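Using the hints provided, position chain B relative to the given structure of chain A.
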Amino acid sequence: MGQILNDLRLIPKFANNPGLKSDIPVEDIVKNHLEIIILSLLLEKPRCGYDLIKEIIARYNVMISQGTVYPLLYSLKREGIIHMESMKGDMKIKNYSITGDFRYTVEKKIDGFIKTEEYILNSIRNGEIYV
Amino acid sequence: MVKSTFKNSIDGLSDLFKDETDIPGGSVILVTGVEGGLKSGLVFNIISNYLASNDKYALYATLEETEESHSRNMKSLGIKKHDRLHIFDYMDVRHEWKNEEPDFLKVTEEMINFYREKYADFSIFAFDSLNALYSLSSNLNIRKQMYHFFTMLRTRKLTSFLIMETHSPDRHLLIGTGGYMERPEFFLADGIIELGIVEDKESVKRYIQIRKMRGVNHNMEKHQILVGKNGLMVVGSIY
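Residue numbers (my numbering), protein chains in the order written: chain A, 2 to 132; chain B, 415 to 653.
I should point out that these hints are in silico values taken from the structure, not numbers from a laboratory.
It is possible that part of the hints are untrue.
Unchecked claim - Example chain B residues on the side facing chain A (calculated, C-beta under 8 angstroms, incomplete):
1) Phe502
2) Val507
3) His509
4) Glu510
5) Trp511
6) Pro516
7) Lys520
8) Val521
9) Glu523
10) Glu524
11) Tyr529
12) Lys532
13) Asp535
14) Val641
As the structure is a prediction and not an experimental result, all values here were calculated from the model.
The C-beta atom is built at its ideal place from N, Cα and C for all residues, glycine as well.
Looking at chain A on its own, in the form it has when it is part of the complex (with noise of 0.2 angstroms):
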């Protein structure tokens, strides 16, 4: 798991490059990918909405609306998927993380998008596919 996060840390190298900015639409790949992106946050520590959407500015130079991000975790920890703990010395903000049984779930999900992004990046690299 930990070389899948590395591989997804790798994109703001592209983001941040101005040259290369505005022909890879990284908003773009965020945005469609966002709940991977999201459970792969909440994998490494157990995060809140605000914080979320900070670390997904840091790392992809992409702002995600609140109003995106928090039905998107409404949603996951209506699924079970997540559960909400509240943080210490403030009860009103609500950190996420994965429900322990959905971790390995989460884990392989994760796996199997990489492997299939990188299928795809193969192919269209190379003019071939290669498995």
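Then chain B, alone, in the frame of chain A:
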């Protein structure tokens, strides 16, 4: 499955409509009235019961209360929440972003986009309330942004109920902005449902009245609205 209608979602509500008419799908309805007039309860009750006879999804967005508090209040009115009626309460956004003053209209639009992508049958939206939105938004150009907001809801074909508290129904005044002025919401809305209270020497009654419903042949009379064991009910004309 019985054909879903809004007017049959609450006992007696159909008396306010003539012929086979109903609240038109995809229209934006303003629900106005004084405090304690059952605005939130009416909207929540209509949506929750309406969902029982179809496969649609609905979102009730409240800036006024927490989800827990709202749910408790609805339960006290005898209203059962349908599973496909989701509540979003903005409280986490308000608390965690209190130093950055979020654009709540933009947050709401993005939230609607999220629900449309997640649920193909997401077709009903409620917002409680415009007064709270105005109170929390210091740089809001109401006329311009409300036009955009109403247009956005119509473009997405959402049947929308927007709650707004008013002092005087006759003057269309709004509480919460520190002044009295004509409100663009009344011109922009496809329909206006008003909830109020009338008093005489012997009694105090809550009423419901359809003041406007574009393209719908409706009754103009004020009807009494009561809280029953299983939610709200509309009874006969108040006079």
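Going through the hints against the structure:
1. Because the smallest distance between the Cβ of Phe502/B and any Cβ of chain A comes to about 6 angstroms, under 8 angstroms, the interface hint for this residue holds.
2. This hint holds: Val507/B has a C-beta 5 angstroms from the nearest C-beta of chain A, less than the 8 angstroms allowed.
3. This hint holds: His509/B has a C-beta 5 angstroms from the nearest C-beta of chain A, less than the 8 angstroms allowed.
4. A hinted interface residue such as Glu510/B counts as satisfied when its beta carbon comes closer than 8 angstroms to some beta carbon of chain A; here the least separation is about 4 angstroms, so the hint holds.
5. This hint holds: Trp511/B has a C-beta 6 angstroms from the nearest C-beta of chain A, less than the 8 angstroms allowed.
6. For Pro516/B, the suggested interface contact is upheld, since its CB lies about 6 angstroms from the closest CB of chain A, less than 8 angstroms.
7. The closest approach between the C-beta of Lys520/B and any C-beta of chain A is roughly 6 angstroms, which is under the 8 angstroms cut-off, so the hint is satisfied.
8. Among the interface hints, the one on Val521/B holds; its C-beta lies about 4 angstroms from the nearest C-beta in chain A, closer than the 8 angstroms criterion.
9. The restraint placing Glu523/B at the interface with chain A holds, with a minimum CB-CB distance near 7 angstroms, inside the 8 angstroms limit.
10. The interface hint given for Glu524/B holds, since its Cβ lies 3 angstroms from the closest Cβ of chain A, which is under the 8 angstroms cut-off.
11. Annotation: Tyr529/B was flagged as interfacial toward chain A, and the flag holds, the nearest CB pair being 7 angstroms apart, inside 8 angstroms.
12. For Lys532/B, the suggested interface contact is upheld, since its CB lies about 7 angstroms from the closest CB of chain A, less than 8 angstroms.
13. Residue-level restraint check for Asp535/B is violated (minimum Cβ-Cβ distance to chain A is 15 angstroms; threshold 8 angstroms).
14. For Val641/B, the interface hint is violated, the least distance from its beta-carbon to any beta-carbon of chain A being 29 angstroms, above 8 angstroms.
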